[in-house]
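Q: One-letter residues, chain by chain:
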Amino acid sequence: MSEASIALNRFGMGARANEPAPAAPRRMLIDQMERFAVLPAVLAAYPRTPTLAADMAAAYDAVQMEARAARREGQKADAATQELRQAARQQGRDYYIQAVGVRAQAAVASDTPFIERLVHFWANHFAVSADKQVMVGLTGGFEFDAIRPHVLGKFRDMLRAVERHPAMLLYLDQAQSVGPNSPVGQRFTQRQQGQESPRRIGLNENLAREIMELHTLGVRSVYTQADVTEFARAMTGWTVAGLGRGQGARLAQADGAAGGFAFAPRIHEAGPRTIIGKRYDQQGEAQASAVLDDLAVHPATAKHIATKLARHFAGDEPPAALVSKLETAFLKSGGDLPAVYRALIAAPEAWVPQSVKFKTPWEWSISTMRALGTQEITAQAVLGLLNQLGQPVWRPGSPAGYDDIAASWAGPDAVMRRVEAAERFASRTRETIDGRTRAAQLFPDALSATTAQAIARAESPAQSVALMLVSPEFLRR
Amino acid sequence: MLSRRNFVLAGTSGALSLGFAPRLAFAQAATDKRFVFIIQRGAPDGLATVAPDGDPAFAAQRGELAQDFAEAVKLDAMFALHPSLKNVAQLYAAKEALFVHAVASPYRDRSHFDAQNVLESGGTSAYQLKDGWLNRLLAVLPDDERKAIAVAATIPMAMRGKVEVSSYAPSNLPDASDDLLARVTGLYAEDPQLHAIWQQATATRALTSDLAGDNGRNAAATGTLAAKLLAPDNGARIAMIETGGWDTHAQQRGRLAGQLNGLDQMIASLRTGLGPLWSKTLVLVATEFGRTVRINGTQGTDHGTASVVWLLGGAVQGGRVAADWPGLGDAALYEGRDLKPTAGLDSVIGGAAAIHFGIDPQRAMPALFPGQSAKPIGGLIRA
Numbered sequence: 001m002s003e004a005s006i007a008l009n010r011f012g013m014g015a016r017a018n019e020p021a022p023a024a025p026r027r028m029l030i031d032q033m034e035r036f037a038v039l040p041a042v043l044a045a046y047p048r049t050p051t052l053a054a055d056m057a058a059a060y061d062a063v064q065m066e067a068r069a070a071r072r073e074g075q076k077a078d079a080a081t082q083e084l085r086q087a088a089r090q091q092g093r094d095y096y097i098q099a100v101g102v103r104a105q106a107a108v109a110s111d112t113p114f115i116e117r118l119v120h121f122w123a124n125h126f127a128v129s130a131d132k133q134v135m136v137g138l139t140g141g142f143e144f145d146a147i148r149p150h151v152l153g154k155f156r157d158m159l160r161a162v163e164r165h166p167a168m169l170l171y172l173d174q175a176q177s178v179g180p181n182s183p184v185g186q187r188f189t190q191r192q193q194g195q196e197s198p199r200r201i202g203l204n205e206n207l208a209r210e211i212m213e214l215h216t217l218g219v220r221s222v223y224t225q226a227d228v229t230e231f232a233r234a235m236t237g238w239t240v241a242g243l244g245r246g247q248g249a250r251l252a253q254a255d256g257a258a259g260g261f262a263f264a265p266r267i268h269e270a271g272p273r274t275i276i277g278k279r280y281d282q283q284g285e286a287q288a289s290a291v292l293d294d295l296a297v298h299p300a301t302a303k304h305i306a307t308k309l310a311r312h313f314a315g316d317e318p319p320a321a322l323v324s325k326l327e328t329a330f331l332k333s334g335g336d337l338p339a340v341y342r343a344l345i346a347a348p349e350a351w352v353p354q355s356v357k358f359k360t361p362w363e364w365s366i367s368t369m370r371a372l373g374t375q376e377i378t379a380q381a382v383l384g385l386l387n388q389l390g391q392p393v394w395r396p397g398s399p400a401g402y403d404d405i406a407a408s409w410a411g412p413d414a415v416m417r418r419v420e421a422a423e424r425f426a427s428r429t430r431e432t433i434d435g436r437t438r439a440a441q442l443f444p445d446a447l448s449a450t451t452a453q454a455i456a457r458a459e460s461p462a463q464s465v466a467l468m469l470v471s472p473e474f475l476r477r
Numbered sequence: 001m002l003s004r005r006n007f008v009l010a011g012t013s014g015a016l017s018l019g020f021a022p023r024l025a026f027a028q029a030a031t032d033k034r035f036v037f038i039i040q041r042g043a044p045d046g047l048a049t050v051a052p053d054g055d056p057a058f059a060a061q062r063g064e065l066a067q068d069f070a071e072a073v074k075l076d077a078m079f080a081l082h083p084s085l086k087n088v089a090q091l092y093a094a095k096e097a098l099f100v101h102a103v104a105s106p107y108r109d110r111s112h113f114d115a116q117n118v119l120e121s122g123g124t125s126a127y128q129l130k131d132g133w134l135n136r137l138l139a140v141l142p143d144d145e146r147k148a149i150a151v152a153a154t155i156p157m158a159m160r161g162k163v164e165v166s167s168y169a170p171s172n173l174p175d176a177s178d179d180l181l182a183r184v185t186g187l188y189a190e191d192p193q194l195h196a197i198w199q200q201a202t203a204t205r206a207l208t209s210d211l212a213g214d215n216g217r218n219a220a221a222t223g224t225l226a227a228k229l230l231a232p233d234n235g236a237r238i239a240m241i242e243t244g245g246w247d248t249h250a251q252q253r254g255r256l257a258g259q260l261n262g263l264d265q266m267i268a269s270l271r272t273g274l275g276p277l278w279s280k281t282l283v284l285v286a287t288e289f290g291r292t293v294r295i296n297g298t299q300g301t302d303h304g305t306a307s308v309v310w311l312l313g314g315a316v317q318g319g320r321v322a323a324d325w326p327g328l329g330d331a332a333l334y335e336g337r338d339l340k341p342t343a344g345l346d347s348v349i350g351g352a353a354a355i356h357f358g359i360d361p362q363r364a365m366p367a368l369f370p371g372q373s374a375k376p377i378g379g380l381i382r383a
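Chains as they are written, first to last, in my numbering: chain A, 1 to 477; chain B, 1 to 383.
In isolation and in its complexed conformation, chain A is listed as follows:
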């Protein structure tokens, strides 16, 4: 692959129709850092997180009020609130679908596709999954408002924004974690004493664990189960105003804008904490913040992030030399992400001529629409396409996010589906695109003779486009 093709395809999201090959590929990537728009028009028109969260909190409140009214009249709350609950679900789902659509539109139109790719990388690194009903409607706001503003900033600032975002606090159950010895915890335990089957209230270590395992240090690194539990204690009180579920959230009485981040002292487990050998004496919210800031610049974090970035750009088994360069750039700059990206662009390991990655369904879909110059991109179509290709948007089903290795995507059925989808895409071009010229433009000096020949021998322009979209060059980057 030529360096121009590498810059367009491996670093970018694929060339756009009629986009000229870059004369200075590295320079072009660095320039994108200066030109990146945090909120291009299509995303700026989508509601911001506080609006999304307030709407969801209002819908949730309406359900609660109706349930209370029903119980007062001796009716079953479930039946009385059925319509309202359905409306709340629909609201969350509508926000989700709309966000999927604008995400794809922004990616297809982007003239800073390297940075756009990094946004998607980070959103998957800090994955929330829309299969949890309570935060479905916040998944778009999570990427647009917690990831995008920090993609060219400090890792620490992204971490701060992500762990305070209501989507994350709800997804990983932080919003219902209660310190057993907090004021609420103690009172609750007293009240339950002597009851036949006492209800329990207490810690939920889900978010604390995943911050250490997935977001910062990495699994099997420097922390123990005891560190997870201590961190979970420090995190108690971090919650979402008005949207939490469970006893803990009801009793927290968190102040603040409905649906926004709130610190609730009533459920915070006070006291000094020792985490990875360091003592934290801070009070309240500041304690977990201090832990987060330390995790953000920890050497294990640098290594973890460096490894994932290297895997994303230089292959499923990332070269140790590249990991080491990115790690050094991260540590030296205190987690300054542009410094890390510059080290990546400068590293020869990221520019090896053979393809190093098998595209994920998302990457394949976006590069397809960029290549064809697709103008009408409806949210429903993107949603359906990615569901069929096996990578539902923002629904990895686990906080680890989607895998970034070929073994997870290069399956027989997965490739068959791309062929089916390619034929459908191609049929919609109504014979207006010639695969021969378009392929040469998308992969400057990088098309194999086999692919060029297969495209040239197609029985129709549409078939030449379909073959281009499933060619080895197009499936990989």
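Calculated from the structure, these hints are not laboratory results.
The reader is advised that the hints may include incorrect statements.
[As the list claims (entries may be wrong)] Heads up, simulated DSS-like pairs for lysine-lysine below, C-alpha to C-alpha not over 27 angstroms straight-line:
| id | chain 1 | residue 1 | chain 2 | residue 2 |
| --- | --- | --- | --- | --- |
| 1 | B | 130 | A | 303 |
| 2 | B | 86 | B | 228 |
| 3 | B | 375 | B | 33 |
| 4 | B | 228 | B | 162 |
| 5 | A | 76 | A | 308 |
| 6 | A | 308 | B | 130 |
[Claimed, not checked] Covered stretches of chain B (in silico footprint by chain A; criterion: 3 or more residues with CB under 8 angstroms from a CB of chain A, positions within the stretch not fixed):
| id | segment |
| --- | --- |
| 7 | 101–112 |
| 8 | 160–169 |
| 9 | 297–304 |
| 10 | 340–352 |
Computed from a predicted model, the values in this text were never measured in an experiment.
Where a beta carbon is used, it is the ideal one built from N, C-alpha and C, also for glycine.
Based on these hints, arrange chain B on the given structure of chain A.
A: Same frame as chain A, now just chain B:
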């Protein structure tokens, strides 16, 4: 339930010399056995699936989670089955369901992703092995039985490795035209990775073309689909089905009841779809680790250690729960919080899968679980 002494015997030398007749070849002639591995990703609560409600500490430790078992089907003096598992209860009554409890893989930390890698690769630690134990099981089967399919769009870790495996999941995309498919074959001719993938893809398509209208979205349909892929004479001998959604940190009761209901239906439709072949079928349901014994602060449970393995099908010597029960009292718990493992998952898988396919377990174990000293458990499969 086996007594402690019996169980240990069955699990070690006694079983090796008595239970497994030496006439078994390493990979003997063709059989018509079928094997389905259902993985439960996310760690379901084994103590709320097959509940030890006869344990004196059960009610106190489990809190509101114990309430599901007030009226539940008793499996024996110690264990009761979750009420959602209606079809599985019938299998148990027909001696076609066996549970092995307090089981864990060699992995002892609490990361889902590492633990799933150990469960699927059959290694002693995460990412130590690059291929999966199901693929290595295929490698020791006779040539014409090395047919396996993942009911998923991609191949799960347990099935990755040297032996080529298909994957299939129903698609709502329109079928591509035959002409395009033929041209894609030419396009991939010189690309080793895509060539191999494409061969599998086209072969699978031929086998399942009448399934295009099927909708695999719910669990029962998935079971029916898997049965269709397994039932033909030339169909797959081994299938793997992935299930998720088991990570019940909060509000566990309702969620687990729904999950178990889905799995129960999947198993019922698998049985119906396999028809007479059910008598020659082994279904193994397993997960990466268990959950905490005590309920947490959010009516759920957190990551734990030992759990329960299900063995279902006509091939199973069922109607019992096998366990060297460690107890639920505080002092008996692993690290003061989890069910203590008293049997190895590898020993269960090895003992069941090897005998099912007529492979000498002493030779199967090092192939499936290399570098381990795990001994296969005997007596799981009908003679």
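Q: Each hint needs a verdict: does it hold in this structure or not?
A: Evaluation of the provided hints:
Of the pairs offered as hints, the one joining residue 130 of chain B and residue 303 of chain A holds, with about 22 angstroms between alpha carbons and a cut-off of 27 angstroms not exceeded. The suggested pairing of residue 86 of chain B with residue 228 of chain B holds, with an alpha-carbon distance near 23 angstroms, which does not exceed 27 angstroms. Taken as a hint, the residue 375 of chain B and residue 33 of chain B pair is honoured in the structure, with Cα atoms around 23 angstroms apart against an allowance of 27 angstroms. A hinted pair counts as satisfied when its Cα atoms are at most 27 angstroms apart, and residue 228 of chain B with residue 162 of chain B qualifies at roughly 25 angstroms.
Between residue 76 of chain A and residue 308 of chain A the CA atoms are separated by roughly 50 angstroms; this puts the pair beyond 27 angstroms, and the hint is violated. The hinted pair formed by residue 308 of chain A and residue 130 of chain B meets the criterion: a straight-line CA distance of about 19 angstroms does not exceed 27 angstroms. Under a criterion of three residues with beta carbons nearer than 8 angstroms to beta carbons of chain A, the stated coverage of the segment 101–112 of chain B is upheld, 4 such residues being counted. Coverage of the segment 160–169 of chain B by chain A holds [criterion: at least 3 residues with CB-CB distance below 8 angstroms; count 5].
Here's how the segment 297–304 of chain B fares: 6 of its residues keep a CB closer than 8 angstroms to some CB of chain A, so the rule of at least three is met and the hint holds. Residue count for the segment 340–352 of chain B with a Cβ under 8 angstroms from a Cβ of chain A: 0. That is fewer than the three needed, and the coverage hint is violated.
Of the numbered hints stated above, those contradicted by the structure are hints 5 and 10, listed in ascending order.
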